[in-house]
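Enquirer: Read off the chains here:
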Amino acid sequence: MEAKANETFFIYEVFSQKSVSASFVHQFSLLAPNEEVALTMARENFLRREPCFNLWVVKRDNIHGLPPEERPFLERLDNKSYRETKGYGDLQARWRHHKEKYEEQQKHAGNGS
Amino acid sequence: MGDNVRVENVEQAKQNQEYAQALADLLFQLADDDFILAYRGSEWLGLAPHIEEDVAFSSMSQDMMGHAVMHYQMLEDLGLGKADDLAQLREAGAFRNAILVERKNGAGEYNDNPHYDWAYAIVRSYVYGLYKQVRLESLLQSSYAPLALISRKMLTEHRYHLMHWQVWLKQLANSTKEARQKLETGIARVWEDAGELSSLGQNADNIVRFGLIAGEELLRQRWLANTKDIFQKAGLSWPGEPGVPTERGRLGEHTADLGQALATLSEVYRLDPVAKW
Amino acid sequence: MQTQIERFNMTENEKMEAFLARIDRGEKIEADDWMPDDYRNQLVKLISMHGMSEIMGALPEKEWVPKAPTLRRKLAIMAKVQDEMGHGQLLLRVAEDLIAPLGKTREDLMQDLFTGRLKFHNVFHMEAPTWADAGVIGWLVDGAAIITQSMSLDTSYAPYARALHRICAEEKFHAQHGESIVLELAEGTAEQRQMLQEAITRWWPSLLMFFGPPENGNITSNQASNMRYKIRTQTNEELRQVFLKKYLPRIFHLGFTLPDDTIYFDEAEDKWVYQQPDWEAFKQIVKGNGPRSAHRLNLREMSYEETKWVRDAIMSFGRQVG
Numbered sequence: 001m002e003a004k005a006n007e008t009f010f011i012y013e014v015f016s017q018k019s020v021s022a023s024f025v026h027q028f029s030l031l032a033p034n035e036e037v038a039l040t041m042a043r044e045n046f047l048r049r050e051p052c053f054n055l056w057v058v059k060r061d062n063i064h065g066l067p068p069e070e071r072p073f074l075e076r077l078d079n080k081s082y083r084e085t086k087g088y089g090d091l092q093a094r095w096r097h098h099k100e101k102y103e104e105q106q107k108h109a110g111n112g113s
Numbered sequence: 001m002g003d004n005v006r007v008e009n010v011e012q013a014k015q016n017q018e019y020a021q022a023l024a025d026l027l028f029q030l031a032d033d034d035f036i037l038a039y040r041g042s043e044w045l046g047l048a049p050h051i052e053e054d055v056a057f058s059s060m061s062q063d064m065m066g067h068a069v070m071h072y073q074m075l076e077d078l079g080l081g082k083a084d085d086l087a088q089l090r091e092a093g094a095f096r097n098a099i100l101v102e103r104k105n106g107a108g109e110y111n112d113n114p115h116y117d118w119a120y121a122i123v124r125s126y127v128y129g130l131y132k133q134v135r136l137e138s139l140l141q142s143s144y145a146p147l148a149l150i151s152r153k154m155l156t157e158h159r160y161h162l163m164h165w166q167v168w169l170k171q172l173a174n175s176t177k178e179a180r181q182k183l184e185t186g187i188a189r190v191w192e193d194a195g196e197l198s199s200l201g202q203n204a205d206n207i208v209r210f211g212l213i214a215g216e217e218l219l220r221q222r223w224l225a226n227t228k229d230i231f232q233k234a235g236l237s238w239p240g241e242p243g244v245p246t247e248r249g250r251l252g253e254h255t256a257d258l259g260q261a262l263a264t265l266s267e268v269y270r271l272d273p274v275a276k277w
Numbered sequence: 001m002q003t004q005i006e007r008f009n010m011t012e013n014e015k016m017e018a019f020l021a022r023i024d025r026g027e028k029i030e031a032d033d034w035m036p037d038d039y040r041n042q043l044v045k046l047i048s049m050h051g052m053s054e055i056m057g058a059l060p061e062k063e064w065v066p067k068a069p070t071l072r073r074k075l076a077i078m079a080k081v082q083d084e085m086g087h088g089q090l091l092l093r094v095a096e097d098l099i100a101p102l103g104k105t106r107e108d109l110m111q112d113l114f115t116g117r118l119k120f121h122n123v124f125h126m127e128a129p130t131w132a133d134a135g136v137i138g139w140l141v142d143g144a145a146i147i148t149q150s151m152s153l154d155t156s157y158a159p160y161a162r163a164l165h166r167i168c169a170e171e172k173f174h175a176q177h178g179e180s181i182v183l184e185l186a187e188g189t190a191e192q193r194q195m196l197q198e199a200i201t202r203w204w205p206s207l208l209m210f211f212g213p214p215e216n217g218n219i220t221s222n223q224a225s226n227m228r229y230k231i232r233t234q235t236n237e238e239l240r241q242v243f244l245k246k247y248l249p250r251i252f253h254l255g256f257t258l259p260d261d262t263i264y265f266d267e268a269e270d271k272w273v274y275q276q277p278d279w280e281a282f283k284q285i286v287k288g289n290g291p292r293s294a295h296r297l298n299l300r301e302m303s304y305e306e307t308k309w310v311r312d313a314i315m316s317f318g319r320q321v322g
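Residue numbers (the numbering used here), protein chains in the order written: chain G, 1 to 113; chain D, 1 to 277; chain F, 1 to 322.
The following block holds chain G by itself, in its conformation from the complex (with noise of 0.2 Å):
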């Protein structure tokens, strides 16, 4: 069977991980007619210097993401602290008073003995 006249390459996003412990990150896309082929032409054409440990290529239409006019409900109100470590700021001084505290005692039972 022949291609048809109108028919274009298709286009897939480029993921890799630089190692083992590394998180898959999107590189760019290419076009290509299909994963098998995209996945050969994938590592030379956008990480020619870059350490590559593996990879991953996606068919663009396999990727479902936000419209333009929703992406800003992604925006939270900044009043999330009791998830973050900076909302448990205080912790470290606390625990040196109980320390500093507990010292104190053992030297004065100590003096006492």
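Keep in mind that the hints were calculated from the coordinates and are not lab data.
Keep in mind that the hints are not guaranteed to be accurate.
As the list claims (entries may be wrong) - Calculated pairs, DSSO-like style, for lysine-lysine (alpha carbon to alpha carbon, straight line, at most 27 Å):
1) D:Lys-233 to F:Lys-308
2) D:Lys-170 to G:Lys-59
3) G:Lys-18 to F:Lys-172
4) D:Lys-82 to F:Lys-67
5) F:Lys-172 to G:Lys-59
6) F:Lys-28 to G:Lys-59
7) F:Lys-308 to D:Lys-177
8) D:Lys-233 to D:Lys-170
9) D:Lys-276 to F:Lys-172
10) F:Lys-172 to F:Lys-67
11) F:Lys-283 to F:Lys-119
12) F:Lys-172 to F:Lys-119
13) F:Lys-271 to F:Lys-230
14) D:Lys-276 to D:Lys-82
15) F:Lys-230 to F:Lys-15
16) F:Lys-28 to F:Lys-230
17) D:Lys-82 to D:Lys-14
18) D:Lys-177 to D:Lys-228
19) F:Lys-67 to D:Lys-276
20) D:Lys-153 to G:Lys-18
21) F:Lys-245 to F:Lys-172
22) D:Lys-170 to F:Lys-308
23) F:Lys-28 to F:Lys-104
24) G:Lys-59 to F:Lys-67
25) F:Lys-172 to F:Lys-246
26) F:Lys-15 to F:Lys-45
To be verified - Derived contacts from chain F toward chain G, CB cut-off under 8 Å, selection only:
27) Glu-30
28) Asp-32
29) Gln-89
30) Leu-90
31) Arg-106
32) Glu-107
33) Ile-314
34) Gly-318
Ideal Cβ positions, reconstructed from N, Cα and C, are used throughout, including at glycine.
Add chains D and F to chain G, keeping to what the hints say.
Expert: Okay, now just chains D and F, sitting in the frame of chain G:
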């Protein structure tokens, strides 16, 4: 020195003239094969069927030329001259590459009406690559330790190349009638020369006796078995015993294509080989 | 915050105002954001020309790939020309995503190149007859390209900015590659120095033309809208002056001359004053009437058309052989 030798470094190799000669003869074959085919690959730059493939293809030519440089460097270490001189100042008669790798990419020149043939490029790269694979694997057991070491390093890159060619061969073989026909023409052309690949040249007996690499027949059988398997998986009919070209490249007989290649490769360097470039 | 409903009800004028407000706030535009046709067209024109210039730019240097005088230089220039093709790939992908809503693909861009509708950079229409030309291209043409590209890193179109970041990182290697070739020739024999002097002389007008005609206070409507949209933020002459300030001293430090006796640095104005190149010739060159335009276009078109069967074949892979 005879059978079961192990030569750890270049100084040891130089102590036995016969061994050093056999080693040099083999290294010229390895270096010249990769150098000339990498040059043919580099002529494709900017002309491949698809931009992304152009970029990918060039890396393989670079890797291959990188392998040649490592072999020329080993020859330099043996005291046979500077690597740049070995690559660019020898006359065609001193080259030991197989004829298959020197054939032009198409009817024209890289810079002028090239009319390059992608089917031939794929088949030549893959068939040569399959032989190179067998050769590198055998070199892992080479009596010359430095050669075994670099062969191991080259194998990783080379396997990645084979993956690439395998995809192309399989996809072209199972696509359009036109592609299938061009592929078969490419196979027929490659087959006219391919039989020479496993030749170890004039000094074959010593090369094998010193344990530098396995014998011609063993290399040839392994390579043909692998290639047959690949062709079968791709649904291609087996073209039978590969032929040998009229000129015997391993003996220093070459076609006009190599003369043209060397003239191009050394054009600038020959302006003044003593100058720094 | 704007909601989908509000945007849906906006008039074209209101959309345009909101778009310009985003630009003014320094926000970046993505491929699927609403954008005025004019913005899209300006981007397509700029980025497809940039991308094709990379692809066509591979050809003059490619002439020197096999001829490079040492094994190391052969490898380096191969890697460099490969990068140029890679940059073309990145830029064409950005352009392709912009023309996709218009029902167009890379194929259309290729055909536009062949018919002359899509132009490529003046420097790539020129001859490169010696090894020193390969050096000058790497050093000065890439040097000029780095200036233009790094000045555009802050472009309002985010996909273009991302491509440029990748490109600029590699251009640093290219500049060093060119400098290395040039310094070897400059420190070499009398013949090598002469070869380099001739190449500098030959490339001088093309290098001045690289940035386009000076505005002399008359910004064209294209430039004005590019600046309004923050696609690019410098004028041709501003970019050229950055180039001259960086590279002229280096040319003189190596003891080379330019084919312009009148050139001098005006301290008060803080700029180089130079003899204008032939801007009529420039127009002819970018129209496709340069010394190597037809040859290189022919090379590209021939290789593209003769390998159509390959693209068709892999596109139909997996279906039954007929």
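Enquirer: Given the hinted pair Lys-276 of chain D and Lys-172 of chain F, is their Cα-Cα distance within 27 Å?
Expert: 24 Å, holds
Enquirer: Hint check: Lys-245 of chain F vs Lys-172 of chain F, CA-CA at most 27 Å. Holds or violated?
Expert: 18 Å, holds
Enquirer: Do the numbers back the hint for Asp-32 of chain F, that is, is its least Cβ distance to chain G under 8 Å?
Expert: 6 Å, holds
Enquirer: If you draw a straight line from the CA of Lys-67 of chain F to the CA of Lys-276 of chain D, is it 27 Å or shorter?
Expert: Roughly 15 Å separates the two Cα atoms, so the pair holds.
Enquirer: For the pair we were handed, Lys-82 of chain D and Lys-14 of chain D, check the Cα-Cα distance against 27 Å.
Expert: Holds, at about 17 Å.
Enquirer: Holds or violated: are the alpha carbons of Lys-172 of chain F and Lys-67 of chain F at most 27 Å from each other?
Expert: 23 Å, holds
Enquirer: Quick one, are Lys-170 of chain D and Lys-59 of chain G close enough, alpha carbons at most 27 Å?
Expert: 21 Å, holds
Enquirer: Taken at face value, is the distance from the CA of Lys-230 of chain F to the CA of Lys-28 of chain F at most 27 Å?
Expert: Distance ~10 Å between Lys-28 of chain F and Lys-230 of chain F Cα, so the pair holds.
Enquirer: Under the criterion that the straight-line Cα-Cα distance not exceed 27 Å, is the pair Lys-233 of chain D, Lys-170 of chain D satisfied?
Expert: 8 Å, holds
Enquirer: Going straight from one Cα to the other, do Lys-177 of chain D and Lys-228 of chain D come out at no more than 27 Å?
Expert: 22 Å, holds
Enquirer: Between the alpha carbons of Lys-172 of chain F and Lys-119 of chain F, is the straight-line distance 27 Å or under?
Expert: 26 Å, holds
Enquirer: Would you settle whether the hint for Leu-90 of chain F is holds or violated, based on the nearest Cβ-Cβ distance to chain G being less than 8 Å?
Expert: Result: holds, 6 Å to nearest chain G Cβ.
This entry does not satisfy hints 5, 24, going by the numbered hints stated previously.
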